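UniProt numbering numbers the first residue of the sequence shown as 1 and each following residue consecutively.
These are computed hints drawn from the structure, not numbers from a lab.
None of the values given here were measured: they were computed from a predicted structure.
A hint or two may mislead.
[To be verified] Below, a list of computed lysine-lysine pairs in the DSBU-like style, where the Cα atoms sit at most 30 Å apart: (1) K139 - K37; (2) K261 - K159; (3) K347 - K336; (4) K37 - K343; (5) K75 - K159; (6) K159 - K134; (7) K361 - K184; (8) K71 - K130; (9) K361 - K134.
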Amino acid sequence: MPLDILNTMYVLGPNALPGWQYIKQYGPPMAVAGILKYYFRGSTNTWDRTLHGKVFIVTGGTSGVGAEVVKDLAKRGAQLVLLTSQLEETAGSSAHLWASEYIDDLRDQTDNFMIYGEPCDLSSLHSVRKFATKWIDNKTPRRLDGVICIASECAPMGKTRESSVDGVELQTAVNYLGHVHLLKLLEPALKSQPADRDVRVLVTSCISQATGEIDPDDILWNKRKYPSNKPWRVYGSSKLLLNMFAKEYQRRLENYVRSDKAPCNIRINVINPGVIRSPSTRRFLSMGSLFGLLLYLIFYPIWWLFLKSCVQGAQSFLYAIYCPLLMDIRGGNYIKECSIISKPVRKELEDETLQGEIFDKTLTLIDSLERESAIQRKKDQIKEGKTDKKGNTKKSEEIKKTGKSKSKENSDGKTSDSLSVFASAFGNTNNDSLQDDFQKIMNRPGNDEKSKNLRLRSIDSKFERSRATNSNKEEAKNKVTEA
């Protein structure tokens, strides 16, 4: 058949072919569209890796690029802990049901039951602390092979400023402050991993960081007027701040001296997935309105041609997780299109002094905001009658009287234990002493890095003593049972 066509074209000319006029008219535009689509889809990750037994914490893993990254990791056998605000108590029963069904579906699709969901709202510093405290407060340090920070908040144009529960501009709270708080609280877990384990931390950047503005005296956009007609300036600033944090945090982790004198096994890298047809992009382009959504649908062929799909956007993340070569070089790299970009995209990314200043000021702001929010929460609880002036809740009083605590139930009547990594994978622990000691140790005077490292070593020692104590209790209990 192909030979007959070629023979006809050679002997009689292309006009003898049936439909040649349509091929001549529509062929070139379709060929150009195909070439453009191939170009804008970006690079594809070619590395592979077995992830059975490895544990990853993921933010933003329930939609967009994060959902595709999670699906790929789950297919390779990784144990995943998805942090989502859908499981927060304030989210409502319908949100709980949606999160439960999403995780159940993901387990079925990937044939991996080691996928869990934990309540964590990145716009709330208190919510982030609750999760991180539960994670590090364990008999033995939990295994942690990586933290993947993909969650993002993108405000549409023309909307007024939105604030988090801590009073911070919402984009800055979610994209920057929440992730910084999470990674700093998980620092003991990251540092306690064995020296032969490669621990990877990924944070997300964006091309919009080119529009970001850094003011060391107003990191959180509290003093500057919110640009409602140019919200990408705030969004870009939050991404640029996170990029600067990653570089400074990598340096500080490398300066930490492990008890076994082994070199730092943690690599923090910044990922730019490109411009993607994600839910946040759709919200931005539609300007958060029904009319804008209609325009988005009308021009969808353009978005389909020039913007990546979520699967294509996930490739750089997969490259950063799978590529073994990244553990042989220093962290703090900027990865785009499955390759390391050596040339800094902003001058702030070369200024180590500014990065250190922003790093320290951010931690101070987080501490201040947490204290203010805690005081306000206490006032609200007293006002609503949920606690007395001594801080005792009605629920705790009920537990003291009955000696029982009712498990929380979802709207479908099932307990949330099947989603929780603490109940299902590691078992619930009531060892509050670790949490108390962690707070006492980290609140001691001395803000220099050496003092902090000494405090972290004290936490490691506490973990070991706790594990030995619990082990002795188990042995004694077994002997009594055998007798």
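Hint check against the structure, violated hint numbers in rising order: Hint check: 1, 2, 5 and 6 fail, others pass.
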